[in-house]
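K.L.:
Construct all of the structure, not just a fragment, from the sequences and the given hints.
Going left to right, the sequence shown walks through residues 4 to 137 as this note's numbering numbers them.
Rather than coming from a laboratory, the hints here were simulated on the basis of the structure.
Just to be clear, a hint being listed does not mean it is correct.
[Unchecked claim] Cβ pair distances, simulated, as ranges:
| no. | residue 1 | residue 2 | range |
| --- | --- | --- | --- |
| 1 | Glu27 | Val110 | 17 to 27 angstroms |
| 2 | Leu70 | Gly30 | 33 to 43 angstroms |
| 3 | Val126 | Glu27 | 12 to 22 angstroms |
| 4 | Arg81 | Gln54 | 13 to 23 angstroms |
| 5 | Pro71 | Asp17 | 14 to 24 angstroms |
No residue lacks a Cβ here, since even glycine has one placed at the ideal position from N, Cα and C.
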Amino acid sequence: MACRITELVIDCVDPQRLGEFWCEVLGYVELGWEGDDLEIGPPGTGFGGPQPTLVLSRSAEPRRGKLPLHLDVSPTDRDQDAELARLLAAGAREVDIGQTGAETWHVLADPEGNEFCLLRRRVDAVEHRITPSR
Numbered sequence: 004m005a006c007r008i009t010e011l012v013i014d015c016v017d018p019q020r021l022g023e024f025w026c027e028v029l030g031y032v033e034l035g036w037e038g039d040d041l042e043i044g045p046p047g048t049g050f051g052g053p054q055p056t057l058v059l060s061r062s063a064e065p066r067r068g069k070l071p072l073h074l075d076v077s078p079t080d081r082d083q084d085a086e087l088a089r090l091l092a093a094g095a096r097e098v099d100i101g102q103t104g105a106e107t108w109h110v111l112a113d114p115e116g117n118e119f120c121l122l123r124r125r126v127d128a129v130e131h132r133i134t135p136s137r
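P.N.:
In structure tokens:
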């Protein structure tokens, strides 16, 4: 038996704002609040589905330096240039972490400065199936 990643937790100052950004980027929806923490995830599946949910956890602690973990995202329905334009319009910004310019990916940051990479390769979208409850 093995484990599976079911959710990723991101400490942030403004869970609502960051949730709106990541919902736009990933096609996720708001799943609910628990205290000051907002969980977002794929529509129709939520927690435990084929993709992990994101928990945006309110924190007053300042971030210290570069995160030891970052997300990579890949376009599903457009090329990398069009997806880059969409992400920048949604509130991402380009970040220089010492790239040479020869990379096939773009380094970006979300509205709170969390780095993530936009890869060039297009992947199929995960189908979200709604299973009727019994």
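K.L.:
Each hint needs a verdict: does it hold in this structure or not?
P.N.:
Here is how each hint holds up against the structure:
no. : hint                                  : result
1   : Glu27 with Val110: 17 to 27 angstroms : holds (19 angstroms)
2   : Leu70 with Gly30: 33 to 43 angstroms  : violated (23 angstroms)
3   : Val126 with Glu27: 12 to 22 angstroms : holds (18 angstroms)
4   : Arg81 with Gln54: 13 to 23 angstroms  : holds (19 angstroms)
5   : Pro71 with Asp17: 14 to 24 angstroms  : holds (22 angstroms)
When each numbered hint is compared with the structure, a violation occurs for hint 2 only.
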